[in-house]
Amino acid sequence: MSEAVLTVRNLHKSFGKAEVLRGIDLEVRPGETVALLGSSGCGKTTFLRCLNFLEKADSGTLAIAGQTVHLQRAHKKDILALRRKTAMVFQDYGLYRNKTVLQNVTEGLTVARGVPKAQAVTRALKSLEQVGMAARSEAYPHELSGGQQQRVGIARALALEPAVLLFDEPTSALDPEKVQEILDLIRSLKDTPTAKIIVTHEMAFAYECADSVIFMDEGLILEEGAPKDVFGNPKNERTRRFLERFTADKAPEYFI
Amino acid sequence: MDFAFLWTALQAAAARIPATLSLAFVPFAAGILVGLPTALVRRSSLPVLPNVLAGLVALIKGIPVVLMMLVFFVLASETFDGFMQSLGLPWTFRELDKSLVAGAALTVYATAAMCEVFRGALAAVPQSQYDAAYAAGLTGAQTLRRIILPQMVAPALPMTCNILVALVKSAAIASLVSVVDVMNGAVIAAAGNYRFLEAYIAAALVYWALCLLIENIFRLAEKKCARRFAV
Numbered sequence: 296m297s298e299a300v301l302t303v304r305n306l307h308k309s310f311g312k313a314e315v316l317r318g319i320d321l322e323v324r325p326g327e328t329v330a331l332l333g334s335s336g337c338g339k340t341t342f343l344r345c346l347n348f349l350e351k352a353d354s355g356t357l358a359i360a361g362q363t364v365h366l367q368r369a370h371k372k373d374i375l376a377l378r379r380k381t382a383m384v385f386q387d388y389g390l391y392r393n394k395t396v397l398q399n400v401t402e403g404l405t406v407a408r409g410v411p412k413a414q415a416v417t418r419a420l421k422s423l424e425q426v427g428m429a430a431r432s433e434a435y436p437h438e439l440s441g442g443q444q445q446r447v448g449i450a451r452a453l454a455l456e457p458a459v460l461l462f463d464e465p466t467s468a469l470d471p472e473k474v475q476e477i478l479d480l481i482r483s484l485k486d487t488p489t490a491k492i493i494v495t496h497e498m499a500f501a502y503e504c505a506d507s508v509i510f511m512d513e514g515l516i517l518e519e520g521a522p523k524d525v526f527g528n529p530k531n532e533r534t535r536r537f538l539e540r541f542t543a544d545k546a547p548e549y550f551i
Numbered sequence: 046m047d048f049a050f051l052w053t054a055l056q057a058a059a060a061r062i063p064a065t066l067s068l069a070f071v072p073f074a075a076g077i078l079v080g081l082p083t084a085l086v087r088r089s090s091l092p093v094l095p096n097v098l099a100g101l102v103a104l105i106k107g108i109p110v111v112l113m114m115l116v117f118f119v120l121a122s123e124t125f126d127g128f129m130q131s132l133g134l135p136w137t138f139r140e141l142d143k144s145l146v147a148g149a150a151l152t153v154y155a156t157a158a159m160c161e162v163f164r165g166a167l168a169a170v171p172q173s174q175y176d177a178a179y180a181a182g183l184t185g186a187q188t189l190r191r192i193i194l195p196q197m198v199a200p201a202l203p204m205t206c207n208i209l210v211a212l213v214k215s216a217a218i219a220s221l222v223s224v225v226d227v228m229n230g231a232v233i234a235a236a237g238n239y240r241f242l243e244a245y246i247a248a249a250l251v252y253w254a255l256c257l258l259i260e261n262i263f264r265l266a267e268k269k270c271a272r273r274f275a276v
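These protein sequence lines are chains A and B, in that order.
Remember, the working numbering sits 295 above the position in the first sequence when you count from 1.
Remember, the working numbering sits 45 above the position in the second sequence when you count from 1.
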């Protein structure tokens, strides 16, 4: 088994007096897809945002693709270097509103990574092709539907060829039809060498698509393992209760 | 109504348009240059400084421009000569171009006003834009220059237009400190015949035309912004 591309040790994070992450450990290998599940407020999005320093964790260590930092004394330079090994797909897409679809994708390449313009455009168009948005490369975000914007959001992340790709509830703002489209698109990335960490409420997707599933509650990882173990035989009472509705719904399809 | 004199006064007022415009645009430009960094610092998490600046802006906002200008004038008249002497410079307050004093007061006003405009425009850019830029590996400066500032233009335009129009009109107060602007130009023309009503109407017509022009230029800019990207 290959070495982990992302390693988190004992990550803590508080907002004021509220401790929202109470010692998280995680290892993700290249190409692996990890689904982060849990009820709202359990800390899963905060944890994801700590991985690219959109939130500053209070303590712990983080290693991505060979670079390790102690989170309580991460310097600007370390943060920038680590961020450039990752990319993120947002719940509300977060496309730059002043830039076209193509510029949205090239921005991180040319400005943050110093890729020459022509090369960046080629890479961007390839990513946009992959998500089926190449035809709209000159459009501005406000001219696109939510589903289309999220496709661009995914292309923007893919073009960076990150070691770790972070998805923060990528389908939570979409209508049910578009949810399926975007999930299919994410599913199609399964065999890429990029490690994927997905915060999601789409249980069926996590079950089918993830290599490992993590269940978080109150700032801790309660359960971790292959989807069929976590869904089929949750060890923890809290996990069982959270998954109950889903497993009761889907049991005939998945568990018999 | 003496229409012949109205025409004369109108010409006298129009001849002073450059004085009024420089009294409006120089403080306006300075207001943008100082107001923008002030707004950025106020939004930052630096210690103390944001609060100090917020207090200063609140203080300035609460003082009428006319009062500020008169205070500047009195202060300058009392201290300028002594200050220049101590520096060994030959300049005196009597020879000092009083539009500098008026301009200084208008600059203070414009800076506070533009700071508030930029603060509003900054708040109009959602946090997700910062998140997306940082996540892509852009530095703080790159994020500001390439993502945030361009998005502040559209929300800032309507209020910026208001401030500029207010400055053009406030420049009339400079006539109080013996600057010959549009207002004073018209009034001086009436000094011989006491036809002040015509002079005031002439000045009003010139201000009205200037403000209309500015508002239309801004309207065009707003349209252009809206076409490019809706915010």
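It is worth saying that the hints were derived from the structure and are not from the lab.
Among the clues, some could well be false.
BS3-like, lysine-lysine: derived pairs with alpha carbons at most 30 Å apart [said to hold, decoys possible]: (1) B:Lys-268 x A:Lys-394; (2) B:Lys-214 x B:Lys-269; (3) A:Lys-485 x A:Lys-380; (4) A:Lys-394 x A:Lys-351; (5) B:Lys-269 x A:Lys-394; (6) A:Lys-421 x A:Lys-394; (7) B:Lys-269 x A:Lys-412; (8) B:Lys-214 x B:Lys-268; (9) A:Lys-380 x A:Lys-412.
### Hint numbers not upheld by this structure, sorted from lowest to highest
none
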